[in-house]
Structures are given as structure tokens and as C-alpha cells.
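I would like the entire structure built from these sequences, with the hints used as guidance.
Each chain, letter by letter, is given below.
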Amino acid sequence: MTTADNMNGWEIVIGLEVHVQLLTESKIFSGASTRFGAEPNTQACAIDLGMPGVLPVVNEAVYPKAIAFGLAVGAEIGARSVFDRKNYFYPDLPKGYQITQMDHPIVLGGHADIMLESGELKTINITRAHLEEDAGKSLHEDFQGMTGVDLNRAGTPLLEIVSEPDMRSVAEAVAYAKYIHQLVTYLDVSDGEMSQGSMRCDANVSIRRFGETEMGTRTETKNINSFRFLERAIIHEINRQVAILETGGRVVQETRLYDPDRDETRPMRSKETANDYRYFPEPDLLPVLIDEAYIQDVRNKMPELPSEKRIRFEREHDLPEADAIILTSTTQLADYFERVAATGGDSRLAANWVRVELLSKLNKASIALEEAPVSAEQLGSIVTRIRDKTISGTIAKTVFDGLWSGQAESADDFIASHDLQQVSGTDELEPIVSAIIANNPKQAEQYRSGKTKLLGFFVGQVMKETGGKANPQQVSELTKKLLT
Amino acid sequence: MKVTRDVVEKIAELAQLQIPDGELAAVSEKMSRVLDLVEEMQSADTAGIEPMANPLDATQLLRPDVVTEHDQRRLYQDIAPETKDGLYLVPKVID
Amino acid sequence: MLHERTITELRLGLENGEFSAEELTRHYLSRLEGPSQDINAFITVTGNIALERAKKSDIDRSKGHAGPLSGIPIAHKDVFCTRGVRTSAGSLILDKFIAPYSATVVEKLEQAGAVMLGKTNQDEFAMGSSNENSHYGPVLNPWDRTRVPGGSSGGSAAAVAAGLCAASTGTDTGGSIRQPSSFCGVTGIKPTYGRISRWGIIAYASSLDQAGPITQTAEDAALMLEVMAGHDPKDSTSIAAGVPRYTDSLANPIKGLRIGLCQEYFDEGLDATTGKLIMEAVAVLESQGAVISEVSLSTTRYAVPAYYVIAPAECSANLSRYDGVRFGHRCENPKDLDDLYKRTRSEAFGNEVKQRILVGAFALSTGYYDAYYRKAQQVRRLIRNDFQEAFKTVDLLLSPTAPTPAFRIGEKSDDQVAMYLQDIYTISSNLAGLPAISIPAGIHGHLPTGLQLIGNYLDEARLLNVAHQYQLQTNWHKLSPPAGGTA
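Chains as they are written, first to last, in the working numbering: chain E, 1 to 484; chain H, 1 to 95; chain Y, 1 to 487.
Keep in mind that the hints were calculated from the coordinates and are not lab data. Heads up, a few of these hints could be off.
Claimed, not checked - In silico EDC-like cross-links for lysine to aspartate or glutamate, where the CA-CA straight-line distance does not exceed 20 angstroms:
{"no.": "1", "chain 1": "H", "residue 1": "Lys10", "chain 2": "Y", "residue 2": "Glu332"}
{"no.": "2", "chain 1": "E", "residue 1": "Lys137", "chain 2": "H", "residue 2": "Glu82"}
{"no.": "3", "chain 1": "Y", "residue 1": "Lys234", "chain 2": "E", "residue 2": "Glu60"}
{"no.": "4", "chain 1": "H", "residue 1": "Lys92", "chain 2": "Y", "residue 2": "Asp338"}
{"no.": "5", "chain 1": "H", "residue 1": "Lys92", "chain 2": "Y", "residue 2": "Glu332"}
{"no.": "6", "chain 1": "E", "residue 1": "Lys137", "chain 2": "H", "residue 2": "Asp85"}
{"no.": "7", "chain 1": "H", "residue 1": "Lys84", "chain 2": "E", "residue 2": "Asp142"}
{"no.": "8", "chain 1": "H", "residue 1": "Lys30", "chain 2": "Y", "residue 2": "Asp338"}
{"no.": "9", "chain 1": "H", "residue 1": "Lys92", "chain 2": "E", "residue 2": "Glu60"}
{"no.": "10", "chain 1": "H", "residue 1": "Lys92", "chain 2": "Y", "residue 2": "Glu23"}
{"no.": "11", "chain 1": "Y", "residue 1": "Lys234", "chain 2": "H", "residue 2": "Asp65"}
{"no.": "12", "chain 1": "H", "residue 1": "Lys30", "chain 2": "Y", "residue 2": "Asp336"}
{"no.": "13", "chain 1": "H", "residue 1": "Lys10", "chain 2": "Y", "residue 2": "Asp338"}
{"no.": "14", "chain 1": "H", "residue 1": "Lys84", "chain 2": "Y", "residue 2": "Asp336"}
Right, dumping it as C-alpha cells:
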């Protein structure tokens, strides 16, 4: 069984818990830095280490971010946001409890409208999203048979977004995760760097017979840090559960880990032995009250959301939906496109160039948009010259390559220095066209006797002769005229 | 309230405390006596009373998002039981 | 004798050049090596640091930079983190813990010029009412070395009583400043919850813990509190209100002051002689113009039960960080993680601490949370409301601090519940977060007896004012324990 989406009579039920690292300078309860990649334990201060006598104080930056997310998914914002202690022992949890939110989360409800491959929208309901601190990291390389603990991550602010079990296929789960990722990066809530752990998913998966109303026993697969692993982990888990149920077994409710090296999930042996977390309100912190004015202020400062941008692109830039979806996939790309369109004066042309040429170049070079050697203004100047017919589309690609490899500062410089200006004057073109006709009498004869398809042959010859600079439309007109 | 040995064992596991078999009876007896003392509270009429987390019903003041802590790993790890290469060491953890 | 002088008197002597801070410190340090140290009031004496600080204080004074407590030798309960100095909280688990930072209280007192002589003994993690639960052995009451000094700040109270420091700091979660102050014949105030920063104080029960000074007089307490109190951005629960000059209002007359006697605090559990001494003190205040009336706090009987749910619940989480990983005791050769946790914690926590962790974990566990923890937090609000109702008709409440004077060492150590009832008069103010003070109010046989005043929120100034006025009329606070302590 290789596909998990369509399996004889089994319905898949998936809910996701997405942990998003909030983009802040300092930790949620301490003044230690959240910068990625520091030497072990150099960014773990006394508070992060849970030393005796230390106390947490909440970072104000986490609220506008969490609230912006809540507003973006149409959620209710908790007017009274309270932290709780979740108690369990683990080496990466310095205090022996995690400060999180249980009864009074910051975000209540909401929904994500994901687009399915069919183009339909499906609503995935969001149960809640709450603020919490991240744990540290256990390093399992061998230290004389021991495990090393790095607490730099401890206390990093997280927003845990919990969905309802509304997803019915692996594709929906991945689409939902991508939707959340796009939203949080759009809102600057998170940098979304999954390879750095800025977004991780726990997948709650169960299966049941179609028509069954009761939920099947679910498992929770933790700490999945890429969309691909998410897909693989869920597929593996579904296959495992189907195999169990079809041989008359029972699925055990448990926490599992996805091992990308082996492409399998396996039960976690340690963390969950004692799963009575004994939540209670964190007495070292007080309730945070959030009033309507505060929420309004966050709302006013919110950037355009992906769906809003997509609709605007379709309308303002007259783009087909498919193009608009691609161009609004990240704010960076959308901004880039809009600058190209503004400079170039032609949205559709700009959209084409960004979507096709730019993206494939970036893809080939495996670099991010921010690192693209051609700026939006440079690409815009190419679009300008296509639009005013200074160059043809074919020549434009040469110009783009030239700018990409740094051979010139602007499209105009490159066109001038390489003498690429389109030749479109009749005076210049007529002698060339006449000569081509004269040199190909046989084809000219065939054309005149009705084989008009040969027009392309003549145009091609002229283009070749002019090094692509001739205006192909002009050439076509002239050829037709001179051959009759 | 009578606390059984099973409950004591379960709670001790949660609290990561070891209670030798020989002491289980005494510990459950002591816990039971404290819970008997506490029982008095159950007769209080608390219907509709909001639990009190802070005496002054104060609310949280927030901290500006500024990095104020610098690296003090050496100071902190000087008092650690076992470290290597800047990491705290614990017996092998198997996930 | 220098060590019999109050802070106010010592300040005068230092200002007049009668003696230097260094001389004063040397005097106290010699006492800490003399016969009185047998009461085991100190866990750590920091002689070198003290002398260094004293010398600096003398230099500061010569330059005209003397702080309000410049050169005054004090001691900190070992629950306050002191940078570079062992901070044990009376526990084996922190026996080797050298604090990398200081508590805000410690820093404030240091900035005010106070000289730290050392760290005082206490019940382990401040859990206890007799100081018998210390890894470093019990503290003996200087008035009678066969008796307990009270707890958990027993070392701090005994040290002031025995003239081993001019003043000390303590913490009070259910009576841990007031009850030992009562047992040792000294003055101790627990301010409003949040009045003093908890930063750097090793937590027992976060929503109840509050620091305060232990001194010979109310005037000294005012001086100390002025320095110790104030908002701290590092403690979210500290109160963002300015600190009054408590010393400015000490002289206010108390004529017309309405004092309420809480009926429930004069119950059948109260020792008869103690009750009589308290009523004599009431008469003194009445003669000064105070108006006495009876009030009822009907929720009093729920206080001890609610406390023994909330405090253990919070401590069960607060003490999870002692896991042998980053600091503190670690068991020998742990065979796996489970063994590391369980053996470290079981061998290094004392019995009372383990007992409270278990009760607390139980009260929070699935199926019991609502009936225990939530219920107790609701009861807490009832208790608070009860007090607020009483404060509509009276300005202060007056009661004995403890039902009996100091009891014998070992007398209650087998009877946990009897020990818990020691705090029956002090616990309510912790649950409500109200300020309360204990002052000496008579001698019961050969033992001191304490009187408690409870005020409304942030009304420390009035508590100190009344206590001071009482002390102007009485000499109980001036009595020192007999040398060697009678048996």
C-alpha cells in the first residue's frame, strides 16, 4: 500500500497541533536571546535554567503576535489570558514544569480555509491557540554513555495551534500545515524556518470505517519538522493502524515519534510514562487582561492576509487565480512581483516573468528570493523594454541572463552595450527581407503557390540574420507584402 | 480521606520520589491524616466563588522584548553536577 | 553591650564615631564564635565578607555616603540567594549550592549599607513551625535551649533574640516570621503579599511566600522595611506602588484607632495564660485611646485546611527543579534517568518536604484538583472577603501570634497535625495576603509571648505605628534571654 488517501473503506481522521516559534528577540519569560545556532547553553540564563529563586516575567511581544494570528483565523481573543504549570520530569524541562496555557488560552476557536487540489475550499476548525515556553534539547550523541542537554531553546516563545480532527486525508493535513505556515510568516508572527525548529507539528491520527460516527483510537506522532516528514509520518501511521485493525488488533493510544531516517513511527519510551500533568495556574504570573482597544490596535497594524492579497491580485492586476496563488505564496514574492509590475507598467507581463523566469532560475540555483541577483526594479526595466518593443521576449531572456550574471546594472545598459535593440523600421528591415526572399527562390515560389505555412520559414531566416533583434511581427508583415 | 498504598505509589512516581516498601504504610497513614485535616474545608459554601490566585487581584505587567542576559554559562556550570562541552550530562535518555 | 542596642541606637553610635562599623562587625563575629552560637542559629558565617563590607561602610561614611543601614550587621535566612555564598534553604539538596546571584532583598540591604554576617538556619525549604526540619540540625530557643525557636525562620528570630545580629530577614508563608518572633521575644513583620520582591528567594509556596524583617523593635522593623520593600520588575507579583517612609508615621497617636478582637482567635485551643497576657496588652492599647471591639471571622476554621492544600500543591511544582541535573545534590552513579531523579530527590529531601510534595501532587492529580486545589483557592477568597468585611468596622485586628509559647524540642515532631495547628492564627493573613506583625507582649513563665496585629492591604505603616506606640509603653521587647538560657 503506497497511498494512504484511498484505502478500502477506511476513513482517515487527522488533527494537527502546530507549534510555531514566535519571532521575538528575547525569550517568553526571560531576557535571554532567542537567536538560533548559539553554542550550547550560552543563551540559557538563570530563569531558563530554572535555578532556585528565579521568577518569570512575560515578554510583551508575544501578545500582538498571538492576537494577530487569532484575528487572521477569525478567532475570539481571550480577554483574560492566564498561564498554567504543566508538571512532568524530563531533562530538557529545567523547572520540572512547563509554563503553558490550559483553561484561558489567548486564542479561542477560529478556522483555516484550505484549498484542496480540486480547487475547492475546505474549512478546518481551530480549537484554540495558546502561548507556552519551549523546552531544551537532548543530544543523543554519545557522551561517555550519557545524554547531553542544551537548554538554549528552553523558554523560547511558542504559539501552539490546535486544530479540530477535521482533516480527512494526508493531502489535507499537509495543505493545512502549509496554510498555517503561510499565515504566520505573512503576519511576521514567526520566521517559519522549519529546519531550525521554528515550526513543528504533532499529528493526531486515527482511522475508522466510513459511516462510523465514533472516533477510532488515535495516536499522537510528535515533533515533525517538515512538510515532507509530516506526509510520510501520517502515511506510515495510517498504514500501521490499518494493518493492525485489519488483522483484528487494537490500536493503542500512545505518543509516537517519526524517525525520518527509517521512515517509520515508533512509540516514545520515556516522556509519557507519567501523563497526569497536574495543571494549575502559575502563581508566579498574573492574568493578562486584553481589552478591545488593544485588539483593535493589533488589527490596525495587521498586514494584508494571503487570501486578501490573492483576491486583490486577481482584481487589480487582472491575474488568473492560479497565478495569483503562486505570486502570493509569500509576502516577499508578492512584494517583488508588485515592484516589477509597478516599474514595468504591465502586470500580466510582470506576473509571467516572475512566475516563470525568476522562479525557475531561483529554483535551479537553489537560492532564496532575498538572494536573487536581479532586483525587482531591474526585472521591471526588462518588462518596460518588452512593453515598448525595444526588445523581443527572446532577447529579453538574454538581457535577464546578463543581469543575473552581473554583466550590467540595468536592462538599458545591457541592451545598449550588446546592441540588442529591436529592429522594427521598414527601411532597415525591407532590404534584409528582400535579400532572404531572393536567396530562397524555391520556397518563395511554393509560398506564392499557396503554401502559406512557409511564412514562418522566412521570418525565422530574418530573425537568424538579425540575431533575433528584428521585430517578428514587423518581419511577418513585410514578408507577406513582398511575397505577393 | 484514606490514601491507599497504590495511590501513594502512583503519586510518588509523579513526584519522582522513592518510597521503600517498608515505609509505604507509614507514608499513606501520614498523608491520610493531613487529608483528614483538610477535609474540614469541604463544608465551606463556595458556590459561585471565583478561585483566588492573587490576593490583590492584580494583573500582569509585561516586560519589553529586549535581550538583557548575556552568556554566563561558566558561572552556572561551575555549580553543575556533570557537564561536558557546555552540555549538562544525564544518564542516557531513550526517546 | 553593643549587641543589645537597636538599629536606631547603633546608627547613632556609628554616626557619632563611638565605634566603627568594623568594630561593630568584629563584636558580632566574636559573638558568633562565643557561647551563644550553640543555639545553631547560623548555617554559614561569612566573616571575611562581613569585615570587607564593614570596612567599606566606614570609608563610605567618612566620605559622607552612609546609607540608611550603613554598617548595621544583619543576617539573612538561608532561603535568600546570596551571590558567591552557599544558599542551602536548610536542605541537603542545596548543601553545595553557591548562588550565582543575589535576591533583590539582599541587594537592597547591601546598597543601604547593611553588613551581612551570614546565613541563618531554617526549616528545610521553609516548611515547618519548629526549625526541627533542617538538614543542619535544630535551632535552640535562646530563652530555653530545650525548646524550639519556632519556624521556619527560627534561626533568624533566635539570632536577633540572642544578640547574634542586629536584625535579620525571614520569610513567612503561613507564619514563619511571626511565630518564631513570638517564641523568641522579637518583632517580626510579614508585609502585604507582593510588597517585597520574591526574586532570589527560594520558593516554597509562591502565592503565599513573603519576606520581612525580624528586629528588636517596631522602629527597627520600619527602618528595615523601608529598604526591603518596593516594586521589582523581576517579580511579576510585586506591587507597583510607592513605599511610604514607615519611620515617619511611628509617632502618630493611636487615639480613636479601632482594634478588632477576632473571636475565633481566642478559642479553646488557646493557652489560658497566653490569652491573659494578650488581654493585658489590649488594656495597654485601650489606655492609649484605642477602641476595642469584637469581630468574627467565621472562615477561620477553613484556613489551616486551605493552606495545607495550596502550600503543598505549589511546593510540589516549585521543588521539581531539584533533579540533580543543573545544580545541587546528585546521587552517586545513577544507573538511568529514573534512578537519577528518584534517588537524588529521595536521599536529599527531608521527610516533611517529601510529605508535602506528595500531598501537593495528590491535591493536583486527576480527579482531585477540583475538590482540593480549586476548592482551597475558592475558600481563600471567602477568607479574604471575611477580612474585608471586618475592615469595614475596624482598622486592625489583634490576636495572639501562636496558641502557646515555645514548645519542647521533639514535643510535636511525631504529631504533624498538632504542629500544623501552630499556625492557626497566622495562616489566614497569608491566605488573604494581608500584612501582619508579631511583637513581644509578655512573659509566660520564662518564655516570651507574642501579640499579632493584622492590617488591611498595604497598611504596614499603621501596623508599625501601633506596634511602636505599644513598645513605648511596655518593656517586653527590651528583655533579653538569660545567658545560656534557663532549662
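- Task: For the pair we were handed, lysine 84 of chain H and aspartate 142 of chain E, check the Cα-Cα distance against 20 angstroms.
- Result: Measuring from Cα to Cα gives roughly 11 angstroms; hence the hint holds.
* Asked: When you check the alpha-carbon spacing of lysine 137 of chain E and glutamate 82 of chain H, does it fall within 20 angstroms?
  -> Distance of about 17 angstroms is within 20 angstroms: holds.
| field | Pairwise hint evaluation, glutamate 23 of chain Y against lysine 92 of chain H, where the allowed Cα distance is 20 angstroms at most | value | Since the Cα atoms of lysine 92 of chain H and glutamate 23 of chain Y sit roughly 55 angstroms apart, the hinted pair is violated (cutoff 20 angstroms).
Open item on the list: For a C-alpha distance cap of 20 angstroms, please report whether lysine 30 of chain H and aspartate 336 of chain Y respect it.
Closed with: Measuring from Cα to Cα gives roughly 30 angstroms; hence the hint is violated.
*Holds or violated: are the alpha carbons of lysine 137 of chain E and aspartate 85 of chain H at most 20 angstroms from each other?*
holds (15 angstroms)
Need the status of pair lysine 234 of chain Y, aspartate 65 of chain H: alpha-carbon distance at most 20 angstroms? Distance of about 14 angstroms is within 20 angstroms: holds.
Note to self: For lysine 10 of chain H and aspartate 338 of chain Y, compute the direct alpha-carbon distance and say whether it is at most 20 angstroms.
What the structure shows: Satisfied, since the Cα-Cα distance of roughly 14 angstroms is no more than 20 angstroms.
Problem - Distance restraint between lysine 30 of chain H and aspartate 338 of chain Y, which requires alpha-carbon spacing of 20 angstroms or less - result: violated (25 angstroms)
For the pair we were handed, lysine 234 of chain Y and glutamate 60 of chain E, check the Cα-Cα distance against 20 angstroms. Satisfied, since the Cα-Cα distance of roughly 14 angstroms is no more than 20 angstroms.
Review point. Has the given pair, lysine 84 of chain H with aspartate 336 of chain Y, been kept, meaning a C-alpha gap of at most 20 angstroms?
Key: holds (18 angstroms)
Lysine 10 of chain H and glutamate 332 of chain Y were given as a pair; does the straight-line alpha-carbon distance stay at or below 20 angstroms? Cα-Cα ~25 angstroms, so violated.
Subject >> Distance restraint between lysine 92 of chain H and aspartate 338 of chain Y, which requires alpha-carbon spacing of 20 angstroms or less >> reply: At roughly 10 angstroms apart (the allowed maximum being 20 angstroms), aspartate 338 of chain Y and lysine 92 of chain H satisfy the hint.
Hint check: violations occur at hints 1, 8, 9, 10, 12; the rest are consistent with the structure.
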